[in-house]
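Chemist: Given next are the chains, with one letter for each unit.
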Amino acid sequence: MSSWGSGQRPITIAILAMGGEGGGVLADWIVAVGEQAGHHAQNTSVAGVAQRTGATVYYVELYPPGHARTDNTRSEPVLSLFPTPGEVDVVIASELMEAGRAIQRGFSTPDRTTLIASTNRVYSMDERLALGDGRVDSNTLLEAAHLGSRRFIGADFMDLALRSGSVISASLFGALAGSATLPFERSAFEDAIRASGKGVGASLAAFASGFDAAQQPAPQPLRTPAPTGNGPVPVAIGLRRPIDPAEEAAAAAQARREQLAISDPASLVGPALRRHAARVADHFPAPARSMLLHGVVRTATYQGPAYADSYLDRVARVAAFDTADEAARLTTEAARHIALWMCYQDTIQVALQKIRRRRLDGVRAEAKAAPGQLLNVREYLHPQLEEIADTLPAGLGRRVARSTWFAQLVGKLTHNGMVVNTTGLVGFTALWAIAMFRPLRPRSLRFVREQEAIDAWLDQLLAAAATDVELAREIVGCQRVLKGYGATHQHGRESFTTLLEQADALLGRDDAAATLARLREAALADEDGATLRRACAELAAPTALASPAR
Amino acid sequence: MAERSFAHEVRKLRAGEGSTVSGEGILAVTKALLQSGVAYVGGYQGAPISHLMDVLGDAHEILEELGVYFENSASEATAAAMLAASVNYPLRGAITFKSTVGTNVASDALANLASGGVQGGALIIVGEDYGEGSSIMQERSHAFAMKSQMWLLDPRPNVAAIVNAVEAGFELSEASSTPVMLQLRLRSCHLHGSFTAKDNVRPPMTVKDAAENPSRQVDRIVLPPASFVHEREKVEERWPAAVEYITNHGLNEVLGAGAADVGVIVQGGVYNTLNRAMELLGVSDAYGNTRIPTYVMNVTYPVVDAEILDFVKDKRAVLLVEEGQPDYIEQNLNTILRRAASDVALHGKDLLPVAGEYTATEVTRGLHAFLSRYLPDAAAAKPALLLPVGDPRSPFAPRVDPSVVRTRPPGLCTGCPERPIFSALKLAERETGKQHHVSADIGCHLFAINEPFNLGATTMGYGLGSAGAAALSPKGADRRTIAVMGDGGFWHNGLTSGVGNAVFNQSDQLLLVVDNAYSAATGGQDILSSRNDSPLRSTKHPIEKAVRGVGVTWARTVKNTYRIGELRDLFVKALTTKEPGPKVIIAQSECSLNRQRRERPLKAQAIRDGKRAVKERFGVDADTCTGDHACIRVSGCPSLTIKANPDPMRTDPVATVLDSCVGCGTCGANAHAAALCPSFYRSDLVYNPHWRDKALARLRRGWIAVLSSGVERRAARFEAMEVPA
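Residue numbers (the working numbering), protein chains in the order written: chain A, 7 to 556; chain B, 2 to 726.
If you are wondering where the hints come from, they were derived from the structure by calculation, not from laboratory data.
Be aware that a few hints might be false.
[As the list claims (entries may be wrong)] Computed list of lysine-lysine pairs in DSSO-like fashion (alpha-carbon distance at most 30 Å, straight line):
hint, chain 1, residue 1, chain 2, residue 2
1, A, Lys418, B, Lys574
2, B, Lys644, A, Lys374
3, B, Lys616, A, Lys204
4, B, Lys574, A, Lys204
5, B, Lys604, A, Lys204
6, A, Lys418, B, Lys579
7, B, Lys435, A, Lys418
8, B, Lys612, A, Lys374
9, A, Lys204, B, Lys560
10, B, Lys560, A, Lys418
11, A, Lys374, B, Lys616
Using the sequences and the accompanying hints, generate a full structural model.
Modeler: Below you can see the structure in the form of structure tokens.
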């Protein structure tokens, strides 16, 4: 039997982190613990430019004492500078995708490795850049973490560290100690932190919470739900598997809300909307009611109870076609997207959002302000001429939009933007005054335009629904591309127009719904619309080939 | 001030005879230099030897006590030329830089140095930036050793072995009148380990002694006829002297002699990896007791013919483990074996990868292939990594969907002052409606080639951004080519190779000099234009003065890069002005890593001391954010990311600012300059407010309560109370 096979081998530990996360400190702590216990310790890393936020691997080997002989070739063990795939005892990953990388590179394997990974995500650049939702599926990563390790210790170690006012290296070090994979006492780990001498108190607190978290079972992935009935599986974006207690609690609250929407819908709206809640209960399918009640509250707050009535009228037109589906998916999605469009983000709405009490409380919480501590909030605004003209009554707005001196005035005032102190007297009053324009909104240029566009969109999707409910549902979803402000919004409108034209052309085809869904993803792939144009061209190409030259 | 301080570690440099010193490889090198009686040290920072320069910088007191001269050289060429001090005097000198880029820059001086030869030991410590984590083109220093005939030491990755190599390097250099290169691989530089110290040695002759007693030997100067003599000396005198020293001092090692009739020849730097491969295959143990005879080349150039022939004489076959390409050593061994009419089979890159880093995986596979052919019974074990990928026990068996593991290249840090520069440049292009050829340079600013900026087409070397645009700045083109240079590259050579060249040739280019007050990418070392006072160096020499000095007439310095709108307007002006000749914009703001390191403790102390302080950070209103992420596409800040949409009606993630935000202002400035959405806000948290703050706050609270009560009353009619849990 080889010496390696019989266990005369170092304990091997690979740390996958991003530059700046303290992976080097963690490796140094592990070395200190090992050396204190008489182990021969070696640690290496590839810092270089990788330390600037890139993915970095730190690698530690600890060789236990007691094997030295006088006739050895080397007086001290020869340790490796590389983690060897299949031979790593402990992998520590600062984030879930890095855990995935450790598995992909063969560092974490089911026969050997204790994988200690933080379940939070630090999104990669291409996940963040997408116009829509570019996030990879955390559930897949979680599945891999279980599949690719002998033992998986997972918790949101980033959150645990932040709560202790420390950094993730400390909570991960606690988890390493808590995992009991290394033959050292807890106190030895803590001594290493004390010896390093910086931020000791906070580090020890984070260490302790990491240690405790390692005793808990790791979160389990959700088994992919089997497709139900006919048709494609609904794309449940946003409905990701709860992977930590906070998300689990949110999912439970959502379930409670769904129940209440059926048993006591009036409890989900304010006193002035009881009538609307009753209408939702009486005339709409149960699975759509929670979303409808959200929409009722939103449209009423946006403009008034009558606007909420008109909202329900619109959804009702769509719901009439949603008879065969138990999940009432068409109605639910229509309830979502009609409300979002009806509550488009104009200056009045933005001003209102900025001055709401709960918003300012939220800012305090995010800044971690102590009760009573002074906090100033400054908005970075850049109103465009069109946005101002859009808010004014239609006639005036049109005149203003044409006026060159007004354009110059706005350009001068806003070329480099404005900073508004919402917590100041002038700033708050100004935003409040803009929010007070609400009663004038129905006469504004944009309101008229948006209502016409909404009705045209509804007409088209209802026409489609008569023959192809799936396609109708995808047409509803096209509203998702109408986002952003200024140039981004302009681009969204162009994409939306293209999508609806395509939807018209697709009507009657078997794959109409799937194709439109694909085009919508293409519209969200980039900002200049190149991907969508390419996708449309590809769609047109086979037809062109099929029809012979005339 | 460098990014990392070694003030604590340098105390270890005082360790005396017999005491144990533990630390990183580079600390050990420094200690070894002092133990060797080095008289002067120079170098240019760069991974992986930046820390070596930083350790030396922090050790200036010890160096002064010993009479050792140290300087931060202006470039690798400067450092190499500095070794001229060892030509006429018995002074031991050492220089360091990253290889192979540093060796490229230094090669003129190194070739001249190697031609005439040295009297005092000359050691060139090169940090071999090769393999995973490397930031440069993948080449070998070996070529430089061969072409100029400098000996190349490649010690095995062990701190004590590295210390010994430094000491042996000086002796070898002196014994053979030849400069010696000591190669430290990337991982060896950051290796933690320990060694037994010796006392530091004061150089027998200091640079002061030498300067006060000038001497010259005209036959050491590279000019005919001496240069022809030098070449003959190299092969007839210096080479044999080196071989003699290497053999007599046993610099190369033979392990497991006689254990088998096959063997392995390995570069010292790859020895640990080879031993691990042998352990995995069951033919060695952790203490290097190998059952396959192994020849460890701690000196990889020159190859000692006699040692090779002695090693192979009782063997059927040998495997050469030589990392990188071309296969210089393999070619050399083949020549040696063929000349000696040896019939031993030599394997190397036929069984091992031709290119790329020799990781434990690669060496294990290659060694396994070799043993399977010649000693099939020797390999007692078969590690999992040898299994086919299709085998579920393979470590590479697919266990994660590749699409969910994305690349994560390095990028600009949170708060980096270079981010707003590139945001502004993108916005300027949007304004002029033209895209430009961008000639990039070496430095953090090169990260602009990646998402989200996608700016930069080539990088030709440190300080060569402007020169890289030379051909692409023709007169009469409808747009200007943009060249980028960092302050580090500017002083390294960019002032002459780029700016001077552009003035002389009347180039129409726009040159952007990113001036963050340090050589930031290499770890924040001071340079000529650094704006802090350095007790050891002369700083605060403005770049604009330098470019005007060589004849640039259109030069502007921007003192705050975070004002994106102004910077964008300046870019537009520079891209459209009719002024002939190069247009130079110097964009100044301090490296955020260094600034935070300095300021954060000061602010924390001020808060503890009860002084008024404001902590700023940015945030995004999730209500207002529509999840289009346009802000991320003009910034790419690590602290500006996404989170699940808290709005139950919306599905796309919203932008969010993490706690790591340092409030640099780029988000806000981008929201303005790019006319983004109104979701960004800055929160200013006030610590220890003055009475004026408090009074104003009371007034504001009262007024806001009055105005908002109506708003909240109306909303309460429509919104449900919080649903009780």
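Chemist: Next step is simple, just say for each hint if it's right about the structure.
Modeler: Now the hints, each set against the structure:
1. Lys418/A with Lys574/B: 18 Å, holds
2. Lys644/B with Lys374/A: Judged against 30 Å, a Cα distance of about 18 Å means the pair holds.
3. Lys616/B with Lys204/A: 22 Å, holds
4. Lys574/B with Lys204/A: Violated, at about 49 Å.
5. Lys604/B with Lys204/A: This hinted pair holds, its Cα atoms lying about 17 Å apart.
6. Lys418/A with Lys579/B: Roughly 26 Å between the alpha carbons, so the hint for Lys418/A and Lys579/B holds.
7. Lys435/B with Lys418/A: 24 Å, holds
8. Lys612/B with Lys374/A: 19 Å, holds
9. Lys204/A with Lys560/B: Given pair Lys204/A, Lys560/B is violated - Cα atoms ~34 Å apart, limit 30 Å.
10. Lys560/B with Lys418/A: 24 Å, holds
11. Lys374/A with Lys616/B: Answer holds: Lys374/A to Lys616/B is near 11 Å, not above 30 Å.
The structure shown violates the earlier hints numbered 4, 9.
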